[in-house]
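Visitor: As a plain string of letters, each chain reads:
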Amino acid sequence: MTVRVRIGMLRLTDSAPVVVARAHGLFRSLDLHPVLSIEPSWANLADKLAYGLLDAAVMLPPLVLASAIGLRGPAVRLIVPMGLSQGGNTIVLGGEAIKESASLPPGARLVAWLAGQNRRPRIAVVHQYSTHNLLLRYWLALTGVDPDRDIETVVVPPEQVVAALANGQIAGFCAGAPWGMAAELAGVGNVLLGTSDIWPFHPEKCLAVRDDWAVANPDALTRLLRALMRAQAICDQPEAADGIVATLADETGLALPREAARAALPGGSSHEQIHFHGAGAAFPALPHAMWFLRQMRRWGWLAEGTIIATTARTVYRPDLFSLAARMEDLFVPPGIARNIPVPTAAWEEPTFASGPSESQ
Amino acid sequence: MRILLADDDAARAGALTKVLSADPSLTILRPGPGELLADAVAALAPDVVLVDMARPDRDALEGIRIVASNQPRPIVLFVDQDDAVFMEEAIRAGVSSYNVLGVPPPDVKPILRAAAAMFRHHQIARAELRDAERRLHEREIVDRAKAILIKERRMGEPDAYRWLRTRAMSSGRRIPDIAREVVARENVQVLSVNPASAPATTQGSNTQGSNTQGSYTQGSNTMGAEAQNRGAQ
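So the protein sequences, as listed, match chains A and B.
Remember, my numbering sits 438 above the position in the first sequence when you count from 1.
Remember, my numbering sits 130 above the position in the second sequence when you count from 1.
Careful, some of the hints might be misleading.
[Stated by the list, open to error] Derived contacts from chain B toward chain A, CB cut-off under 7 Å, selection only: (1) M183; (2) P186; (3) R188; (4) A190.
[To be verified] To give a feel for the contact side, a few chain B residues facing chain A, derived at Cβ under 8 Å: (5) A168; (6) D187; (7) D189; (8) E192; (9) G193; (10) V206; (11) L207; (12) V209; (13) Q211; (14) A214; (15) I221; (16) S226.
[Claimed, not checked] Derived CB-CB ranges, DEER-like: (17) A601/A <-> G144/B: 24 to 30 Å; (18) P543/A <-> R264/B: 56 to 62 Å; (19) A693/A <-> G162/B: 26 to 32 Å; (20) D169/B <-> D757/A: 42 to 48 Å; (21) S707/A <-> D237/B: 51 to 57 Å.
Keep in mind that the hints were calculated from the coordinates and are not lab data.
Built from N, CA and C at the ideal position, the CB exists for glycine as well.
Please take these sequences and the hints and turn them into a complete structure.
Guide: Below is the structure:
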């Protein structure tokens, strides 16, 4: 029986697996009727998942975890049965001085840039509970910069960051493709580094599904994951990129700018690339969820009594992924859940008083 | 109570301001043009933020911490735990509400209710406008198809209309759809005088025709406020 599934997403290059699956008829071939909803904000995706106006969405893993433990409203029963993409974000700083330090490593450039600011600089991220924010803060701390004291973070929608940098509302940003490149092309900022330089193959977007939909439609959920796995394989082929760009640029869909969307796809010109299929991109690894949660605890965002391991296991569902992956003949090594690389524990030591000590 | 109303639709914001201003205990504030939502919250210190869900900068409200009495507290989404249906209605209407610094929810619900009603009212008005535009456009297409039939088949106007109607009835489709085909065929014939252009037109109509394996809905979308909740209804 054909099952309807309502999937929400934003206008971003890494929404590709869903729109490619639809364009290639992968949902239909597995008896799914997709209704795709393009939303203007992460908050809309979270709200529509919470109140049952969407069944699934392309989401930020930390926002799914935040929604599941009730950090932005009521606790919502959501699961992450698969990852959708890795990497793709860049950290950009504005002003003339940053151009002169191009020969230095990124950390030294940041420190020199900060020294030249006459007030606490504002750095934009796309959402409080975003991979962008957590990786930016992690890297700042690593460089000896306190993200709560030495800078100020504000949330600005990605499509507005270049203009905000140009008119001085912000001094820098961490945002997804294509906005880092767009800032350089506009001459208002310089890309300091990509988030994959901070954590190679870091999980970026994931599929979030309402738990009650997943429980009511177990077979359809498996088919949904299989369709997206097939789409991810297509998205990682450089020779398929032109077709994917055409799909992403479709006026009736995401309507993304062609050239910019092409740059971050495999074989594109951007330094920071999005990966969809290889290196375990689809695997919803518990250590990933735990890394995000530990960072949230580090910055004092988690309520006391939140148990990281339990939260991670409730939300992340490698069991559901493995079921679908086996049907697609994708090899899931038995030890994979124990051997997922995350940035080293030594780096996670809280550096500042603003971050309470970790207990895990 | 100070209410920050973040809605770029001037007519709707004006109407809602008028409704809420009837309660003298409410002060309605609006962000300045181009002002970041986070800056407006910091500068105006509202107790409640009502926000149009079509605004992409709605995300700026999530995670803002207001520093008061050494205890930074986040802005939180207003939620009526006991009335999920009401919350869903507000979301469908395209409006959301945030509490700043522990405003008791009983005071907020009537305000959000009024906002949801106003947003729904405008949604219906926009849908009716779209419908009227569509009808007008369809009438124009039918007129053009009739003109083509009158010229090419030397029919009188009543016969041209009957021709369209018979085709529609026998194929179980609507008259404007048949008229659109007549007009499209005419365009291809005209273009095929220049052979290079003809395939492009055909390809264009194929692209539209292949768009059948599932549907897109535009969520609350700034690119066109009229697209808001097109699929949600």
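Visitor: Checking each numbered hint in turn, tell me which of them this model violates, lowest number first.
Guide: Hints that this structure does not satisfy do not exist here, as all of them hold.
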